[in-house]
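S.K.: Mapping to my numbering: the sequence shown position 244 is 229, numbers consecutive.
Since the hints were derived computationally from the structure, they do not count as laboratory data.
Take the hints with a grain of salt, since some may be wrong.
Stated by the list, open to error - With a straight-line Cα cutoff of 25 Å, these simulated SDA-like cross-link-like pairs (lysine to any residue) come out:
1) LYS61 / TYR50
2) LYS61 / ALA51
3) LYS61 / GLU235
4) LYS61 / HIS191
5) LYS61 / VAL149
6) LYS61 / ASP162
7) LYS61 / GLN158
8) LYS61 / ALA71
9) LYS61 / LEU125
Claimed, not checked - Each pair of labels, with its calculated beta carbon distance range:
10) GLY112 / ALA51: 50 to 60 Å
11) ARG115 / HIS57: 20 to 30 Å
12) THR33 / HIS241: 46 to 56 Å
13) THR199 / GLU235: 36 to 46 Å
14) ARG67 / THR203: 14 to 24 Å
Built from N, CA and C at the ideal position, the CB exists for glycine as well.
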Amino acid sequence: AAVAAALGVTLAAVLAATVLDPYFLLVAPNIKSFNTDLLSALSSSWFTIGAGWTFGCSVRARREYAGQIADHREQKAVSEERLRIAREMHDVVAHSMSVIVMKAAVANHVYDTRPEESREALGVIEGVSRAALADIQRVLGSLRSDGEAHLAPSPGLDELPRLVENARLADVQVELDRGTIPALPAAVQLSAYRIVQEALTNVIKHAAAPARCTVRITAEPGELHLAVIDDGIPRRPTGEPGHGLIGMRERAALHHGTLMAGPQANGGFAVHARLPYQVPGPA
């Protein structure tokens, strides 16, 4: 309201000056008492008011633009956080549920004829469910801002044997080939872990048993290389395609890396990822 009132006064003053200036120019020669200083003052006032009005509009426009930039950054940060949480939840739930569904089918199939095998499958379901619940609590705990959550570190390459064991429990023969890996940033380790996790999940879900799979991790200065290759015959799709490959590519892109995935010429499926990382400089 104050801005509108000031703008109205300014416009009125400018209009008055605009009308009066020509009037005095025409009438002044016939008026002996006309003070030329008044005309000069009015002209100066007109210029000053116009410049002030222009400056005020410029300041207001800059403030509005700065506010729009701040809103855009806030919305972008919220969207990125939602995407991060969605990726984490997808990877945790999809991997665990694939193992659970597989072992539940086994338990149901052999319940009457091989009860011991059925109980073993139920034990696997219990263990995988507990681990998945802990992972979900960690992800949800990261949403808290009061600092009270006591969270376990994000998973990294040291926990790959757990992924391999879960895949073996789902009747996938997995070989882990891991060379000497230098100290890596936590973010790179998390992305590498999740890419391997999703690739093994796809083997469990889509490769007909018995499937064999090799997980190979190698490193060179500034780059981590991942390869997950299986020889399984693809099962017939049973539902809508998921977002696993999209999520893996997004994780590689976070580090300006690349991910290639597709069927092999001799059967099976292969995932290759390259994750660049910053090499610490000399102390």
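S.K.: Each of the hints needs a verdict: does it hold here or not?
M.R.: Hints, verified against the model:
For the suggested pair LYS61 and TYR50, the alpha carbons sit about 16 Å apart, so the restraint of at most 25 Å is met. For the hint linking LYS61 to ALA51, the alpha-carbon distance of about 15 Å falls within 25 Å, and the restraint holds. Of the pairs offered as hints, the one joining LYS61 and GLU235 holds, with about 16 Å between alpha carbons and a cut-off of 25 Å not exceeded. Restraint check: the Cα-Cα separation between LYS61 and HIS191 comes to about 35 Å, which exceeds 25 Å; the hinted pair is violated.
Of the pairs offered as hints, the one joining LYS61 and VAL149 is violated, with about 36 Å between alpha carbons and a cut-off of 25 Å exceeded. With a C-alpha separation of about 39 Å, the suggested pairing of LYS61 with ASP162 is violated against the 25 Å cut-off. The hinted pair formed by LYS61 and GLN158 fails the criterion: a straight-line CA distance of about 42 Å is larger than 25 Å. For a cut-off of 25 Å, the pair hint linking LYS61 to ALA71 stands: about 15 Å separates their Cα positions.
For the suggested pair LYS61 and LEU125, the alpha carbons sit about 20 Å apart, so the restraint of at most 25 Å is met. At about 54 Å, the CB distance of GLY112 to ALA51 agrees with the hint of 50 to 60 Å. The beta-carbon spacing between ARG115 and HIS57, approximately 42 Å, falls outside the hinted interval of 20 to 30 Å. The hinted range of 46 to 56 Å is satisfied by THR33 and HIS241, whose Cβ atoms lie roughly 54 Å apart.
Remark: the range hint 36 to 46 Å for THR199 to GLU235 is contradicted by a beta-carbon distance near 24 Å. Taking the beta carbon of each, ARG67 and THR203 are about 33 Å apart, not inside 14 to 24 Å as hinted.
Violation of the numbered hints given earlier is confined to hints 4, 5, 6, 7, 11, 13, 14; the remaining hints are satisfied by the structure.
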